[in-house]
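Given chain L, put chain D in place with the hints provided.
Those protein sequence lines, which keep their order, are chains L and D. Numbering-wise (my numbering), the first sequence opens with residue 1 and increments by one. Numbering-wise (my numbering), the second sequence opens with residue 1001 and increments by one.
For the record, the hints were derived by calculation from the structure and aren't laboratory data. There's no promise every hint is true.
To be verified - Derived DMTMM-like pairs: lysine to aspartate or glutamate, alpha-carbon spacing no greater than 25 angstroms straight-line:
| id | chain 1 | residue 1 | chain 2 | residue 2 |
| --- | --- | --- | --- | --- |
| 1 | L | K383 | L | E106 |
| 2 | D | K1142 | L | E555 |
| 3 | D | K1137 | L | D76 |
| 4 | D | K1148 | L | D568 |
| 5 | L | K530 | D | D1108 |
| 6 | L | K547 | L | D521 |
| 7 | D | K1011 | L | E580 |
| 8 | L | K459 | D | E1101 |
Stated by the list, open to error - Derived list of chain D stretches under chain L, where covered just means 3 residues or more per stretch with a C-beta under 8 angstroms from a C-beta of chain L:
| id | segment |
| --- | --- |
| 9 | 1036 to 1045 |
| 10 | 1059 to 1070 |
| 11 | 1100 to 1110 |
| 12 | 1143 to 1153 |
Remember, it's a predicted structure, so these values are computed and weren't measured experimentally. We put the beta carbon where it would ideally sit given N, CA and C, even for glycine.
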Amino acid sequence: MKDLTIRVCAGPVGLAVGSQEVIDSFTKALRAGGLKGKIEKKCVNKTGCMGFCAKDVLVDVIVDGKSSTYQFVTSDMVSLIVEEHIINGKPVEKWLVSDDYHAFHEKQTKILLKQCGHIDPEDINAYTEIGGYKGAEKAFSMKPAEVIAEVKKSGLRGRGGAGFSTGQKWEGCRNNKEKTRYIICNADEGDPGAFMDRSIIEGNPHSVIEGMIIGGYAIGAATGYIYIRAEYPLAVERLRIALEQARKKKFLGKNIFGKKYDFDLKIKLGAGAFVCGESTALMFSIEGKRGMPRPTPPRSVNKGLWGKPTVLNNVETLANIPLIMLNGGKWFASFGTPGNTGTKVFALTGNVKNTGLIEVPLGISLKEIIIDIGGGVEKKKRKLKAVQTGGPSGGCIPASHFDMPVDFDSMKKAGSIMGSGGMVVMDDHTCMVDMAKFFLTFTKDESCGKCVTCRIGTKRMLEVLTRITEGKGRKDDIDLLLELGFTIRKASLCGLGMSAPNPVLSTLRFFRDEYEAHIKDGICPAGVCKAMRRYKVSTELCKKCGKCYSECPSEAITWEKKKKAKIDTSKCVKCGACYETCPFDAIL
Amino acid sequence: MSVDKRKQILKKYHDEGGSIISILQDTQDMFGYISEDMVFWLSGELNIPASNFFGVATFYAQFYLKPRGKNILTACCGTACHVKGSGAVNSRIRADLSLTEGENTTKDARFTLESVACVGACSIAPVLVANSKVYGKVTPDKASSMLKEFKKGAE
Chain L
1 MKDLTIRVCA GPVGLAVGSQ EVIDSFTKAL RAGGLKGKIE KKCVNKTGCM GFCAKDVLVD
61 VIVDGKSSTY QFVTSDMVSL IVEEHIINGK PVEKWLVSDD YHAFHEKQTK ILLKQCGHID
121 PEDINAYTEI GGYKGAEKAF SMKPAEVIAE VKKSGLRGRG GAGFSTGQKW EGCRNNKEKT
181 RYIICNADEG DPGAFMDRSI IEGNPHSVIE GMIIGGYAIG AATGYIYIRA EYPLAVERLR
241 IALEQARKKK FLGKNIFGKK YDFDLKIKLG AGAFVCGEST ALMFSIEGKR GMPRPTPPRS
301 VNKGLWGKPT VLNNVETLAN IPLIMLNGGK WFASFGTPGN TGTKVFALTG NVKNTGLIEV
361 PLGISLKEII IDIGGGVEKK KRKLKAVQTG GPSGGCIPAS HFDMPVDFDS MKKAGSIMGS
421 GGMVVMDDHT CMVDMAKFFL TFTKDESCGK CVTCRIGTKR MLEVLTRITE GKGRKDDIDL
481 LLELGFTIRK ASLCGLGMSA PNPVLSTLRF FRDEYEAHIK DGICPAGVCK AMRRYKVSTE
541 LCKKCGKCYS ECPSEAITWE KKKKAKIDTS KCVKCGACYE TCPFDAIL
Chain D
1001 MSVDKRKQIL KKYHDEGGSI ISILQDTQDM FGYISEDMVF WLSGELNIPA SNFFGVATFY
1061 AQFYLKPRGK NILTACCGTA CHVKGSGAVN SRIRADLSLT EGENTTKDAR FTLESVACVG
1121 ACSIAPVLVA NSKVYGKVTP DKASSMLKEF KKGAE
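Chain D extracted, bound-state conformation:
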């Protein structure tokens, strides 16, 4: 983690109060997750207690304190998706990626499966987002073949 990169983040929020969330968001965009080192560095630079950063980072669902897989699969678990069978799709993906209960990232760190409350594309439920591309009307079989293609394409 280069110091220059870290300083870049702080420059943007130089004179604004209440920027902890924005700073953490930028940190995560840049490094993929929020490391302990980074929090202590930020705390020192800004003279804000590290506990404030950790408090915010653990409160909001979008912050990750551990590294994530190279490819992010996001399964929508909204109401419409639920009614239309997102549960079956989810179980299939978990099985295909051999994820055990409570585990979200594959052992080789190639894939991370996450769920989100709603991506707002309910008309094509169930929805799966793979690295920011939205796929609609997903069935378990479709998810399986998507994953196969994906595994071939992704490193």
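Okay, chain L solo, but in the shape it has when bound:
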């Protein structure tokens, strides 16, 4: 063996399930096997998210150019891998990834994530070796207007959710007479169920920094800010390391890339307010104020941070910029569909078999994402019900619509939004009224309180939803929800308020029968809403295991060995412990 590289996934999930221990074990085992001296370069690398988080810790072992991937690696498996695979040249078959791993990747097009999961995010040389900062170098050989033209040619639309043309935004800022301008990276990824931006920053922080340098040059800014959530300590740490390294290489600072041009970046930590993902609120927060949105216009490209023209771009948008510069706008536009060019990163989670971080060309169908990449529903015997996109501002799209293409315009038409890229799959054990309640609880808490419709409207909507899930729904509650929803949408100032009713309105559109079942029949069809549950054991499905019997806190279940369980409804407190526990879904 001449050459050896080991890549260990150190993304958010990888780290949570022990990748640091795995890395340490590899280093130790290699040294114990006397290999460290033979292989000159540093061969154990930590990388950002490799994508298929459900199988973490993932490890690539590359011996003389031949790569094998191991799944579910723990530190006690390492010594055998080193001995069998690296020393004796025989990969440990039983721990290698299986067919589903390859199926997961088959329909994906990785241009942005290609580098995440391959390079060491804490080493700038790993990034420059694969062409990093070459895009910025090229941009600096062009005029700012030419850079903007190239970005416009790519058709890139903002990946934060609204889908506004990035090139146009830059041009709008550039055209201001005011010479002090700012560029901001919005890394305040607040949507629950979304971790794309986090993974990009943790996996390849330099791509975002390079994107900001190019953007800064194009609009004529001398200072940039990265506004990032404090809930992502690792991403912040890696950004700090990356900034330091970029300064040392003179990619940031005075007279960068040999031009008479100064540019530097600052990190600002968020403090836990979802509304600060909204552009004007975010800028107030950077100024150290309460993050409350203001009316637009003036738009922030004209009057933004400290009242100066400001461009605010999302992490993924900025990470695309170096690639566009390097390969050309035409190349980027060759992915996806006209009007919706390029790829999009999604965080695929929920009741789906293959959870993880995926990148697909825009225009792909939901079915391809959920069935082909996601592997379909997680638990046997359950059915796919819907997918939630766009977080609290988005909506639920039912399984019957899974043929629709995923792009900015189609998603909007279906009553949801593309959003920043969270996709939470739900099976038939998810109650849509409960789901709407979940999101309303979130938006009610996160409303900044400025607009009456949002502050009080979301509270009233939540009250109505709560009483429906408690079995106390009234006949005209659905009409009341619709009325409240449309009013909040019309009369609120910012994106948070305007989209707050979406989770309710979209579930009402596709799952109205479920609301009606709650109100008229007093039944929760998915069996989630506790107050409406009447538990019984299915005599067909019960396998006599007795698990429900031992879980029941109120001794309402009778069971003996080899006999089916029975529930005494008079003793049942409807806690749902049996329902959750039953391995056979035999509790109805």
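What follows is chain D alone, placed relative to chain L:
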């Protein structure tokens, strides 16, 4: 609270405008929470009205005006965690710590249970963070045994 420690915080933001949030964040890192005394001290030193500090501190969820427990448990309540049963995990922890409604810190101030909208580790939902270490695929039983271990280990 020593004066030197407090001054350390201010030194860092000497010449920058708009640093109220950063100053409060550093204060909290250093002292665990933001006390009234501290706000009035900052207000005097910087010649910024105390109401500005309180306005910011009450707006953002991450600031605490009361001391917290020694050990911080953060339950993720994101969409993926919700769909996968974070509710049951939460109720179990509350029961195990004997927290009554509206109460987040145990009487002996050893544990504080908080919730967060999403920690971004949705693939291993439901997620529980205990003193910055992330635990995935938590079930009520797993949470209970974790707490037991934790109680033994923590003072």
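State the violated hints by number, sorted upward, taking the hints as numbered earlier in the document. 4, 5, 6, 7, 9, 11, 12
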